[in-house]
Every structure is written in structure tokens, then in C-alpha cells.
Amino acid sequence: MTSTASTASAGSPRGAASTAESAAQGAGTASEFLLSASGLYKTYGSTAALDGADFAIRPGEIVAVMGPSGSGKSTLLHCLAGIVPVDAGTVTYAGRDLGAMNDAQRSALRRADFGFVFQFGQLVPELTCLENAALPLRLAGVGRKEAEARAGGWLERLEVGDVRRKRPGEVSGGQGQRIAVARALAAGPRVLFADEPTGALDSLNGERVMQLLTEAARETKAAVVLVTHESRVAAYSDREIVVRDGRARSMAGAL
Amino acid sequence: MSISHTLLALLEESGPRHGYDLKRSFDERFGHDRPLHYGQVYSTMSRLLKNGLVEVDGIEAGGGPERKRYAITDAGITDVADWLSRPEKPEPYLQSTLYTKVVLALLTGRDAGEQLDTQRAEHLRLMRELTRRKQGGDLADQLICDHALFHLEADLRWLELTAARLDKLATEVRK
Chain A
1 MTSTASTASA GSPRGAASTA ESAAQGAGTA SEFLLSASGL YKTYGSTAAL DGADFAIRPG
61 EIVAVMGPSG SGKSTLLHCL AGIVPVDAGT VTYAGRDLGA MNDAQRSALR RADFGFVFQF
121 GQLVPELTCL ENAALPLRLA GVGRKEAEAR AGGWLERLEV GDVRRKRPGE VSGGQGQRIA
181 VARALAAGPR VLFADEPTGA LDSLNGERVM QLLTEAARET KAAVVLVTHE SRVAAYSDRE
241 IVVRDGRARS MAGAL
Chain B
256 MSISHTLLAL LEESGPRHGY DLKRSFDERF GHDRPLHYGQ VYSTMSRLLK NGLVEVDGIE
316 AGGGPERKRY AITDAGITDV ADWLSRPEKP EPYLQSTLYT KVVLALLTGR DAGEQLDTQR
376 AEHLRLMREL TRRKQGGDLA DQLICDHALF HLEADLRWLE LTAARLDKLA TEVRK
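These protein sequence lines are chains A and B, in that order.
The numbering used here numbers the first residue of the first sequence as 1 and each following residue consecutively.
The numbering used here numbers the first residue of the second sequence as 256 and each following residue consecutively.
Wrong hints could be hidden among the right ones.
[As the list claims (entries may be wrong)] Heads up, incomplete: computed chain A residues facing chain B, CB under 7 Å, no partners named:
{"hint": "1", "residue": "S231"}
{"hint": "2", "residue": "R232"}
{"hint": "3", "residue": "A235"}
{"hint": "4", "residue": "Y236"}
Hint data in this document are derived by calculation from the structure and do not stem from the laboratory.
Cβ coordinates follow ideal geometry from the N, Cα and C atoms, glycine included.
Let's have the full structure, built from the sequences with the hints guiding it.
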């Protein structure tokens, strides 16, 4: 996104030149990355949530974004997905600058190419689990019958096909999160953004959700930006970056 | 792990067996990356025999050396029961190489934060390896990998906490 605001409390934006220097991209050239960010700054009031963060992910790659609470990792995810505008810096997806798009274009991009899983499934309580999973397809204009057939396949795949007619309030936390994963994958996203996807689950359910999520992502070749503070969850990724004080860096030996 | 107790318990479960069969059984269930050496098995069985916990049930003569078949004794069964019912002493983890290295890095003016990051990456590398192995393994593999993963996770939490306290630690160790 284009720099539009001063970031006095966060220091001076470094600009696009920092891309090549970025330690958070993994080894590789800019052209091989599906989604990349350079010199991101984001402040909330006088607090710098992002202070020159860089990031890059290849198609089909799973990257864990780690760091202590309040380090800026969720803000980074929201900026990468175009949900939150940055104060300075650039986010590039498939060669397109998100900052150069208007809101409608970014929304269309999120619906078509991105999938989301949050800590608490954020399912629509009035809809059945099947209707929830089919929602992104319906929003993309797919007819009800086909959308529900495809979504139903994902529910089966995530081992929650038997609760398809129930509403979110009638299923367990683990089941709800699997439905959220099915919903995120149903429309065939190229990037899946997962923010603490197992944060509300016990160890056993969390493990299973991660196993199913990463298997499905690898099979569909979706890139996954996985925000987590749990190392056992991060161990499902291909590499990790650590965000501290709003700055992201790759770990030695993890590239 | 007490190899002698493990072999003894396996012998109780299976009935009379040769040392080679016990080694194979041990390796299948508990050996994982560290199978037993034959010499280790035979020296252990000799000691158990000397202590009256096993007895020789038969000897087979073949082309090679004689093969003894061992059976557990009543004393051996009691010994296994005692061992299984006794809780293992928890590791105190008070002599930590990780902690020592952090302190020495601070004392010698080196970058302790960098050191912690490098260690974190190494821990996560192993955790990835174990996670892959767990995903392709049976329940026994999953449990043994989970045991290792939870310990590595504990280390990582400590690394994270220490990274957050480095400035304070630096002040204290340089007093």
C-alpha cells in the first residue's frame, strides 16, 4: 500500500528499497513470491503496531508468523490481507499493489483469492454449518446447489460432514473451527490467512485442525499465512518469521 | 530409561525368550532412533541372571555360539512390579546449558538476542521434523513425538521469556 501518512512515532518509512534487504522474505527473488510486503508501518494512536515490517510468501508455502502478544503479528496479517490500510509501505499480491486498489477492488480480491480462519470461527449463527461453509462460494456468485455440494465435500474432508444441518451454536468448538477451515478453503483461495486458528481449542482438537488445514492447503497449493504464538502449531509450517516490536525477521536456518 | 527393567518386563510379558528376540522387541517398541546394541543386551541379561531376576530356561546349540533362552523368576516379577509402581523423579532442569550460554554471551558482550533466535530456529527445525514424523506415524509414534514436542515447546517458551527479559538480565549479570 502506498505511503499516505506520516509515522513520526514509528520512525521514518524505509520505502521500497528495503525489499531486497528484507530478512523476512526467505531466500529468493521478488518474482517468485505470491504475496510480499515491504517497509510496512501502522500506528494506532501513538503506538506503532508495525514499524517497518517486511514479509514474503511463495505459492503453496506455509509461513508461521510468531511473536509475543502485542508484537504486531495480527496487524501484519490484516495489512497483508488488505483488511487494514497501512500508513506506509507496500503490499504486493500477484504483481498487483494493494495500495493502488480501491475498497471495492480489495474486497473483490479478498473474496476471490483469499480465505480466512480466525481464533473463534466467526461463523454466522443464523446459518447452518453447510450454509456457512458455502458462503464464500455464494458471495462469488456460485449457485446454491453447486456451492453446497462443494462446501459439503469440504465438510466431509474436515470430518464434520455429519453436522452440516446443525447451526454453529449446536456444535463443539473443535467442530466449529473445522467448519471455519472448510469455509475458508471452499472457494479455492490462493492465500489462506489463519490467525491463531487453534487458540481456542484443546491440544488434541488443535492438532487435528492443524493437520487437516495444512494437508488441505498443500493439496490445493494454497499459501498459508499462519499467525500463532504456539510453537507446536508453527511446527506445521515450512518456515517461520518472528515479529518483535512491529518488525518481522526470518530465523536463521529456517529458510 | 532403565534398560534392564524394560527387558525384564518384556520377558515377563512374552515368556521365555532368547536375548536376540528381546532386543528385537525392545527396538520395535522403544528403540526408535536408538536401537540396543547386542552387547548391551547380553551384558544386561548376564547381570539379571547373576542377581537371580532371570534364569536360563534352555540352551540351544547351533552352528554358532550357544543361544540361551531366558525366563523371568518370581524375584524378577516382583522387581518389575516395584519399578513400574515407583514414580520417576522429575528432571529439575536447573543445570541448563541454554541459560549458561545466555549469561556468558551477556558477560562477554556478545549478542544474546541473536543467540536466542538461533536456538529458537534450531528447536523449531527439530519440531518440524517430529511433526512430519508424527503425521506419518502410528499411535506409538505420535505419543513418543508428542512427548518430545512438549519438552521442546517448554524450552521455546523459556527462550521467549528470556528474550523479553534480556535487558534486565544483562544489568543483573554485569553488577
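Okay, which hints does this one fail, numbers in order? Every hint satisfied by this model.
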